[in-house]
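Line order of the protein sequences matches chains X and D. 1 is the number of the first residue of the first sequence in full-length UniProt numbering; add one for each residue after it. 1 is the number of the first residue of the second sequence in full-length UniProt numbering; add one for each residue after it.
These aren't lab readings, by the way, just hints derived from the structure by calculation. All of these numbers come straight from a predicted model, not from anything done at the bench. C-beta atoms are modelled at their ideal positions from N, C-alpha and C, and glycine is treated no differently. Don't take each hint at face value.
Below, in silico cross-link-like pairs of lysine to any residue (SDA-like), each with a Cα-Cα straight-line distance of 20 Å or less [as the list claims (entries may be wrong)]:
#1 D/Lys113 to X/Ala44
#2 D/Lys150 to X/Arg45
#3 D/Lys278 to X/Gln132
#4 D/Lys416 to X/Asp64
#5 X/Lys46 to D/Lys113
#6 D/Lys113 to X/Leu263
#7 D/Lys426 to X/Asn59
#8 D/Lys416 to X/Arg65
Covered stretches of chain D, as calculated for chain X (at least 3 residues, CB under 8 Å) [what the hints assert, rightly or not]:
#9 92 to 101
#10 116 to 129
#11 386 to 398
#12 401 to 408
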Amino acid sequence: MHGRIRTWGPGALVLLPTVLLLGYFVYGLIAWSFNTSLTDRHTARKGPAQHVGFENYANLFSEDRFINSLKNLGVLTVVFIVGTLIFGLLWALLLEKGVPGESIFRSIYLFPMAISMIASGVVWGWLLNPSQGEDARGLNRLFEMLHLHFLENPWWTGGSRWTTMASIALPAVWQMSGYIMALFLAGFRGIPPELREAARVDGASEFKLYRHVLFPQLSPIALSALIILGHISLKLFDLIYAITGPNQFRTEVPAILMWNTLLRSDLAKASAIGIVMLAVVAVLVIPYLAWTVRQETEQ
Amino acid sequence: MRGGLSKTLALVGAAGLLAVSACGNSDNSGGGGGGNSSASKDVTVFTWWADGGEKAGLDGLVSVFGTACKDYKFVNSAVAGGAGSNAKQVLANDLQAGKPPSTFQAHAGAELKDYINAGQVDDVSQLYKDFGLDKAFPQNLIDNLTVDGKIYSIPANVHRANMVWVNPTVLKKASIDATKAPANVDAWIADLTKLKAAGVTAPLAISKGFAQEMLVEAVLLGELGPDKFKGLWDGKTDWAGGDVTAALNKYKTLLTFTNTDREAIDWPDALGYVNSGKAGYTLMGDWVAAQQLADKIPDSAYTYWPSPGTGEDFQFLSDSFTLPTNGADPDGAKCWLKTVGSAEGQKAFNTKKGSIPARSDADPADYPKYQQGAMADWKKDTIVPSCAHGAACTAGQNNDILSALSQFSGSPDVAKLQSALATAMKTN
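Given the sequences, and given the hints that come with them, work out the whole structure.
See the structure below:
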């Protein structure tokens, strides 16, 4: 008995603070929020609140504004993930071939990541000015000067959800592609050179080498990238807030709607939005976690 | 990038914690002082006046407070940014934690309902009698401030929302007299049409968010008249009515004369369009007058009039101070409120901030040109509240209306807007 404690005791002791802190500040507060979302606490007034079951959720899903924010989020996530993966992979491929001055390019591509989303959001807000023609400013001005008039567009103030949310995704893609490049580059570098040599000796073309030898080995990295990008996109708040301000129907996502709801002290509704966001992220992350755990046990 | 994002969040979080803990600390020291009679009696005053004319106005109030309330010490607890939205978030945390400042700034009128419903502010009607404010403020204003027979704040100033700022040089292009307001919204639309024909592509400059809300309100006020307009906010006028539909259609027409980048700019940019001659008009509150003075725009370069059809109406908004429930030092807070309502306090504050005093006994000679005219109007016009600035509706209603208007700005559907506005005013 005594011996057993010796084996797991120290480990448990080291883990204890983390377990307590996470247990209270993460899981405890999730439970608290969930509980609040089931009540009628629609003002900041203190005192007991009535439990109303899932009424707040039912109300949310019958509200145009919330459905609109979910649709916006869906479009944003798709455009952001696809765009970032394409640029990240492209840059990684270019650098992987061993260009001169590789470290300089690597830094340039990675730099945007070091900027806070609020700061880049403010600047992108200027760049994405919707004026066109003679009054054009920002990117539209650039297109105007280059006589690329057909590229001028109203950006996020446009009418269709795809153009507005793609305009919001643009800065996010710019900011995150470098990170995805670094991930893929590390993946390429981790593939033993013998594999390439063997493929070349066997007479594989460059395309076939990538298609059948290198890319398959990158799939775990691609999956990680997908999960990371997905959860960033689902929680995106600061960038949108900085570009469009707090009350913009066209670019509102659940995170912004939650902020607006909190500002009016509707705690129950804000909690419900938070729990829905958590559920959406969980749908993405839990299968990934399950998959990694299974991989590790197999090894 | 995970690092980048979480770092950002950590920074924001840390800043938030700092701000909150800072307020908490000052409250603690104030509370501690209450137990010990010899300790300093801090009066924590929470505002979002952190720079510019607003800060100068606050400093003016503080110096009057220093002489009038020698026993107390002013502690500035201003939170900058976001036209008060940052401050309101910090304030909500403090109030929720049961650590209110001695007094806090809030828009007078319906916006206070959130605090009243949450039981966070006390009735100050008695102070109105004690300080003689029930005589000093116009009865019309007091009616607008009263909620269920009680008053919850003391206004420091008054601004007028329904003002149009005009560039006469631009209007000359279509031979329009810039000194006289068009008789009604239709006449204004006719003038705008002439200007557009004369080559001014976007004659009416407008910016995002509350500027659009102010234009809708001005059109509704002009078309419905003051009584029906007030009824929109207190439930006596039907939002679904045909007259509202007609007014909203006119707003839709007005939007077609505005700049396409309206969602991306703020009101000083829209004012800049007027000053630079790119646009002829912009509708904005009378803080524009102070801005024009600060930017050294000569009086001859612009004119102004109440928005068409609202010449006899003074659409007001007002910053006021409250008495929080269970505040640290209510006597100190009351002394601050007395200063805010006093003739000297209102003069010190308003001459610097560019607003007019809420008291009707102030001397116009102390004020710049625009304010003198506004003070005369304040005495004779019908006073109606502004929703965009919290006098007519709660923060939640305002939020819903802003959302509906931003949707309308992208895809103008009058029926949808009308029902969204009605729904917004039905909820809190």
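Report task. Tell me, in ascending order, the numbers of any earlier hints that this structure violates. Result -> none
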